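Q: Each chain, letter by letter, is given below.
Number of protein chains: 2
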Amino acid sequence: MTIPFFDRRNMNFVLYEMLGAEQLTSYDYYREHSRETFDAIIEVAEQIAREHFHSHNVKADKNEPVMIDGRVTIIPEVKEAIGHFTEAGFLASHHREDLGGIQLPWVVNQACFSIFQAANISTVAYPFLTIAAANVIEAFGSEEQKARYLPPMLDGRCFGTMALTEPQAGSSLADITTTAVPTPEGHYLLRGNKMFISGGEHELSENIVHLVLARIVGAPPGVKGISLFLVPRYQVNPDGSLGEHNDVAVSGLLHKMGYRGTVSTALNFGENNRCVSYLIGEPHKGLTYMFHMMNEARIGVGMGAAMLGYAGYLYSLDYARTRPQGRLPSNKDPQARPVMLVEHTDVRRMLLQQKAYVEGAYALGLYAAWLVDQHKYAPDEQIRKNCGLLLDILTPIVKAWPSEYGLKANYQAIQILGGYGYTREYPVEQYYRDNRLNPIHEGTNGIQAIDLLGRKVTMFDGAAFKRLLAAITETIEQAKSEPVLKEWTGQLDQALTTVETATAALLETLGQEGIETYLANASLYLEMTGHLVLAWIWLRQASVACRRMESASGSDQKFYRGKLQACRYFFHWELPKVHYQSQILRNMDRTCLDMQDDWF
Amino acid sequence: MTIPFFDRRNMNFVLYEMLGAEQLTSYDYYREHSRETFDAIIEVAEQIAREHFHSHNVKADKNEPVMIDGRVTIIPEVKEAIGHFTEAGFLASHHREDLGGIQLPWVVNQACFSIFQAANISTVAYPFLTIAAANVIEAFGSEEQKARYLPPMLDGRCFGTMALTEPQAGSSLADITTTAVPTPEGHYLLRGNKMFISGGEHELSENIVHLVLARIVGAPPGVKGISLFLVPRYQVNPDGSLGEHNDVAVSGLLHKMGYRGTVSTALNFGENNRCVSYLIGEPHKGLTYMFHMMNEARIGVGMGAAMLGYAGYLYSLDYARTRPQGRLPSNKDPQARPVMLVEHTDVRRMLLQQKAYVEGAYALGLYAAWLVDQHKYAPDEQIRKNCGLLLDILTPIVKAWPSEYGLKANYQAIQILGGYGYTREYPVEQYYRDNRLNPIHEGTNGIQAIDLLGRKVTMFDGAAFKRLLAAITETIEQAKSEPVLKEWTGQLDQALTTVETATAALLETLGQEGIETYLANASLYLEMTGHLVLAWIWLRQASVACRRMESASGSDQKFYRGKLQACRYFFHWELPKVHYQSQILRNMDRTCLDMQDDWF
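Respectively, the protein sequence lines represent chains A and B.
Residue numbering for the first sequence is 2 to 601, as defined by our numbering.
Residue numbering for the second sequence is 2 to 601, as defined by our numbering.
What the hints contain is simulated information worked out from the structure, not anything from laboratory work.
The reader is advised that the hints may include incorrect statements.
No distinction is drawn between identical chains; accordingly, a pair holds when it is met within one copy or between any pair of copies.
[What the hints assert, rightly or not] The calculated DSSO-like cross-link candidates involving lysine-lysine, where the alpha carbons are at most 30 Å apart (straight line), are:
hint	residue 1	residue 2
1	K63	K409
2	K225	K333
3	K63	K386
4	K386	K409
5	K409	K377
From a predicted model like this one, the values you see are computed outputs, not experimental measurements.
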């Protein structure tokens with residue numbers, strides 16, 4: 002039996018019908034591409050994902066990495082799958098041709114990656130971390146560093162990690178204590194402990210490059226004294242051959258609720274004071290460089306969360322369509338044949354909710370990737386700038402919203418399967434466990450909330466926030482003429498005003514009462530703004546569906562009807578929440594701020 | 002290190018200050034009791050729970066029951082713990098003295114049980130199932146059945162199960178096919194398969210009694226043809242000694258996400274056509290009898306969900322108080338000492354949300370148990386009747402609300418611990434996995450929603466619903482005079498009207514458009530009404546806190562302040578949801594009803 006985990010029809014809808022990804026080929030950087038090359042690459046991704054990733058998703062969960070005699074052992078399917086991924090060129094696909102890439106637009110890349118995430122989130126984490134680390138080296142590394150480390154990272158001989166978190170500091174990067182001492186030879190000696198380092202040790206690749214945040218001795222305190230270092234597991238000789246093992250040791254593995262296939266390590270750097278490390282870029286600018294990687298990783302986390310939600314949705318849909326159970330309430334004849342689960346309105350509610358969440362999150366994630374392409378390569382400078390602003394303000398939402406609502410979708414998938422859904426004999430319970438990590442890693446959602454309200458809303462004098470409002474208004478204006486969408490454009494307009502009013506009230510508070518009160522309810526602000534953004538994304542999808550439906554027939558017409566119904570669900574059942582949330586924010590509710598430790 | 006999992010201070014608050022449980026001792030049935038006997042029994046429960054249940058909670062999760070040579074093997078700590086539970090008299094405590102009980106009020110019983118649930122939900126499931134099965138036999142069994150089965154069930158030699166679900170029927174009990182054939186000897190021969198039977202096979206007790214739903218051959222179709230049977234694992238001779246093994250076989254174990262210590266079995270009855278079974282009560286009345294057990298079990302599920310949420314709350318509170326991390330946003334000095342997590346407003350939000358959910362659910366659960374006592378033993382017939390009505394209408398809420406919101410609390414506990422919370426090295430991830438079962442078993446929350454709107458709201462011409470509204474109104478009237486509560490009484494009054502209006506609109510629809518439209522959004526109705534009820538419970542707690550605070554000092558005063566702040570959280574952050582939910586219901590929203598299978 003083929004278990005469905007991915008919906009190509011919907012990918013085409015978002016990629017081509019909503020985002021018009023073919024149009025990117027008119028940009029110079031993407032000129033070698035066409036819809037045909039995109040489709041061919043997506044086809045390859047889908048095949049590899051199905052045959053080599055999805056096939057061991059359950060096995061990897063049941064056989065997590067173990068340390069045997071100091072070596073991390075991982076089931077062989079993982080290495081084999083990554084081999085196929087690498088061989089097909091996905092490690093380097095978005096890079097310039099001279100680096101071995103094919104200059105594939107980031108949005109098509111993300112579309113391909115989303116299939117792997119749906120198939121097996123924990124195995125694909127290894128190449129994803131490598132891609133992200135390579136991007137940092139490409140952007141900020143010296144020519145020598147690029148020459149030495151990029152080629153093996155782009156052809157799969159060397160994997161990458163990001164090593165930020167320390168056991169004592171958690172989310173507070175200002176407090177990291179890993180220290181770098183300069184040597185006369187030009188490199189540094191690193192010393193410190195890092196925690197929750199995914200892919201921190203394994204035998205999947207010949208070498209591993211850790212990108213590590215540390216302080217050079219004498220650096221200023223806080224985040225302004227953090228530098229970024231490249232720390233190879235094995236030294237790399239000028240000719241590319243591997244030298245001796247560096248002073249990096251695994252002090253233990255973390256045992257996680259989900260994502261079990263991705264080894265999570267605690268690493269000790271410099272236990273023997275010979276951890277050779279190389280400064281990337283300038284001293285004390287490490288956090289800025291790392292945020293380059295982090296922002297990418299955050300979009301990746303959001304997309305992963307959407308895909309786990311998506312896979313659960315598709316599985317529970319298939320189950321609901323094939324499992325007979327009970328009768329409709331109006332049928333009082335106990336001898337009538339049972340109907341399929343999907344016939345029950347409450348089951349359709351659980352399916353529709355999942356659809357609204359996961360297809361919304363998916364479209365948002367690809368839209369963010371499309372913004373990356375525009376920001377980098379659009380010929381028009383104003384477009385580049387505007388897309389950069391949108392990307393800035395949307396990043397915390399792209400990370401946080403799918404991680405909350407993808408998980409809620411997984412909850413409903415289990416609920417549809419009932420007792421079976423709760424057992425390890427069915428895949429939905431694994432999706433639910435896997436997805437619970439996403440509201441935490443790459444910055445908890447509380448950190449995202451502070452990023453949104455504390456930085457992004459106020460940055461450049463509110464330019465990013467204004468750009469977001471303008472983009473939403475444009476969609477409303479365009480959709481207004483369509484009678485079917487009229488009700489929703491009105492609702493979105495109202496919600497927009499509601500969010501704007503709450504934001505203005507908050508900014509007034511910031512001036513009058515200061516940052517503590519301003520940020521007190523930041524998480525609620527993130528939730529409210531997230532729902533506004535998702536409603537906008539749904540209206541965009543509905544507009545496309547409306548336009549296309551006129552000439553569509555058969556399964557296409559049904560597909561578009563489904564889009565409209567999911568949009569209706571979001572506008573009737575979800576969007577209204579922003580109004581009570583806005584009220585709490587406008588009241589400057591002090592309930593949480595005033596709560597005292599000893600009242601708990 | 003002692004890990005906190007239970008809060009005695011809050012138990013005392015609910016049991017004595019809010020519910021006035023001592024007053025039950027004025028009822029004839031409870032006349033031998035006093036506050037002192039209650040406290041002594043609770044003390045024993047707390048000690049056994051800590052020393053013998055909590056101590057192996059993690060171990061039971063990591064070592065789930067296995068089948069070895071057809072026998073179910075369970076870690077020895079489980080049997081030992083249940084031995085202490087039994088020895089202390091908890092299996093029989095609520096029963097009459099002539100049955101070996103001590104006539105303990107059900108609310109005090111539940112208070113004790115809640116400690117065991119917080120300590121180890123999967124081990125205590127075995128005695129709980131036994132208690133529930135014994136209650137059914139006591140209520141509906143023949144004198145001979147009582148004489149033969151009750152004594153060993155009340156002293157722990159024989160455990161009980163409830164066997165309803167069949168693999169093909171799931172939630173649809175009308176479709177069960179297990180068949181009972183009468184024999185000339187007066188017993189029946191049973192044949193059929195049951196699924197998800199907790200405690201269905203083990204060596205913890207000498208014998209097991211399964212209470213099984215089945216159809217006598219020739220019975221009417223549907224739920225009106227279901228009878229209840231007593232099926233012992235081993236035959237019991239008239240003298241109480243055990244006879245031969247009955248024809249009940251385990252066909253497999255389920256492997257669950259959580260509750261791993263509770264063995265979940267698939268059972269085959271009558272594979273060799275010699276499964277000797279005894280009819281309980283009259284034929285075709287099995288579902289009514291089983292609902293006696295189910296209603297009790299549903300309150301137990303709600304309480305268990307509350308306690309898992311509670312244990313997670315207490316753990317994350319302890320963590321937040323002792324884990325230094327970061328600084329307040331207004332502190333720009335990176336060299337200042339980090340503050341404890343609890344100092345961050347967003348962490349306090351996550352703690353306050355947990356507190357509002359779990360203490361609300363806990364008070365609701367004990368209130369329901371108190372209603373059981375009133376319904377059975379209050380001298381005033383009107384009180385007995387009214388409490389019975391309240392219990393009827395509240396049962397689906399007592400089951401569903403804590404199972405939703407206890408799980409949400411567990412989500413926040415993990416979030417506070419961050420990456421650590423997601424690992425199996427900390428207990429909060431287990432609570433989260435355990436609690437995911439509660440929205441499913443003993444009737445999924447979708448089933449509870451249909452029970453509430455489809456049966457309970459309309460039963461006795463709406464008498465139960467009216468009784469609930471009246472009870473809420475009484476609390477509002479009593480609280481009005483207190484200035485501190487004025488804002489909340491107004492809000493609750495508004496919410497009450499909102500729920501009432503939505504209900505009236507729904508009932509009108511029922512008459513005009515029929516049952517399908519009426520029940521279409523039943524789950525939302527359950528959510529809305531649940532929040533109304535919880536706000537009511539919180540106002541009751543706040544009223545008590547207000548009254549007591551005047552003369553309180555020290556830690557008591559802080560405790561009451563915490564109660565008021567949690568109530569404030571619920572009224573500011575949660576209760577407003579009922580208004581948009583009511584709007585959807587009043588609109589008779591057809592989004593889910595109109596959705597078509599082939600649009601997904």
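Q: Would you pick out the hints that fail for this structure and give their numbers low to high?
A: 3, 4, 5
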